[in-house]
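Undergrad: Now for the letters of each chain:
Number of protein chains: 2
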Amino acid sequence: MNSSPLLAELIEALRCLPGVGGKSAQRMAFHLLERERERGSRLARVMAEAMEKIGHCERCRNFSEQPLCTLCASSSRDRQVLCVVESPTELAAIEQATGYRGQYFVLMGRLSPLDGLGPEELGLAKLTQRLGEGEIEELIIATNPTVEGDATAHYLAQLARAGGVRPTRLAYGVPLGGELEYVDRSTLAHAFGGRQILD
Amino acid sequence: MNSSPLLAELIEALRCLPGVGGKSAQRMAFHLLERERERGSRLARVMAEAMEKIGHCERCRNFSEQPLCTLCASSSRDRQVLCVVESPTELAAIEQATGYRGQYFVLMGRLSPLDGLGPEELGLAKLTQRLGEGEIEELIIATNPTVEGDATAHYLAQLARAGGVRPTRLAYGVPLGGELEYVDRSTLAHAFGGRQILD
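Protein sequences appear in the order of chains A and B. For the first sequence, full-length UniProt numbering begins at 1 and goes up steadily by one. For the second sequence, full-length UniProt numbering begins at 1 and goes up steadily by one.
Treat each hint with caution, since some may be false.
Pairs involving identical chains hold if they fit within one copy or between any two copies, as the list cannot separate such chains.
As the list claims (entries may be wrong) - Heads up, simulated DSBU-like pairs for lysine-lysine below, C-alpha to C-alpha not over 35 angstroms straight-line:
| hint | residue 1 | residue 2 |
| --- | --- | --- |
| 1 | 126 | 23 |
| 2 | 126 | 53 |
| 3 | 53 | 23 |
Keep in mind the hints are simulated off the structure, nothing from the lab.
Given only the sequences and the hints, what does the whole structure look like? Please build it.
TA: Structural data, given as structure tokens:
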């Protein structure tokens, strides 16, 4: 039995957050009510606005509340290079880890016929059009190294070649700082097969 | 660089939740935007309402959006027994684990002079008044078994005795299913000292 129906509703609603079960939801609700009312109200306000206003950038399909996202609107990003990622999470990882200054295209998924995700759902017509505009010289394909990500990469490389654009893909192999002993078999086999000449 | 200022604000605001750092906040924001817009909007609505409307029950100090919480307002709860807990989290744990059908009093803290928490901050005047009304027969003291929780329990027991009410405290000892080998020293010493006669 809960002391307040509204509190019970808040705990239930918090469970829509990923990785949050009943116990964490309860802890979050009590924490906000006991110590963070103001920041809780602010979170509620920002969340309501974000859920309503954030759509997708017309150019790169990433999340944006404007027709063009800040990355596509920026004049300081290199327009000769385009990096294709599966989702905004990967875009954020690349932005944080690398010094990449080109543009992006976010598929919001990967080719997966069984889930009903084909070229149309991934906005590939838009990508094809951009590749045909003649501005882009290199298409960096940064899909995940999974079966579906590989198939998508293969498809994207074909699109790039058809548009006269050079396709490249991230290097896959043994991660830095990793010990060979603990690297999984397929990564090791891939790295072994793809060994490079030292000069 | 983020694609959307509003998205960056949402990620920042999510960090007010306990246990949520930058990485989880980002994952939560993307998850809501990609898959749970409706539930996200609902969460925002409920959270705004909860932060604004939930106050404290006049009688037991627990969270409630009404002057009396549902537990205090319920006619099916036993009015002869009162259980004192430090916070709503502990109340919830007792409600979920036990068949207790009495009433509660929530201190919203524990006696801790260094943090400026004295009898007044814990609403003990209200508790003293209830103990003096003559309805309560047993005061179950369920403060945490910490130094401050113990001091609070001691103080509450005195209040109870002064009001002619029988104070009791939860049994502390080796947890069920625990192995003696792995129980911490002070719990084991307490359980050993408090051993009971089998009949």
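Undergrad: If the cut is 35 angstroms between Cα atoms, do residue 126 and residue 23 qualify within a copy, between copies, both or neither?
TA: Between copies, since 30 angstroms is at most 35 angstroms while 44 angstroms is not.
Undergrad: Should residue 126 paired with residue 53 be assigned to within, between, both, or neither, using CA atoms and 35 angstroms as the limit?
TA: within (22 angstroms within a copy, 47 angstroms between copies)
Undergrad: Give the relationship of residue 53 and residue 23 under a CA distance limit of 35 angstroms: within one copy only, between copies only, both, or neither.
TA: both (31 angstroms within a copy, 23 angstroms between copies)
Violated hints: none; the structure is consistent with every hint.
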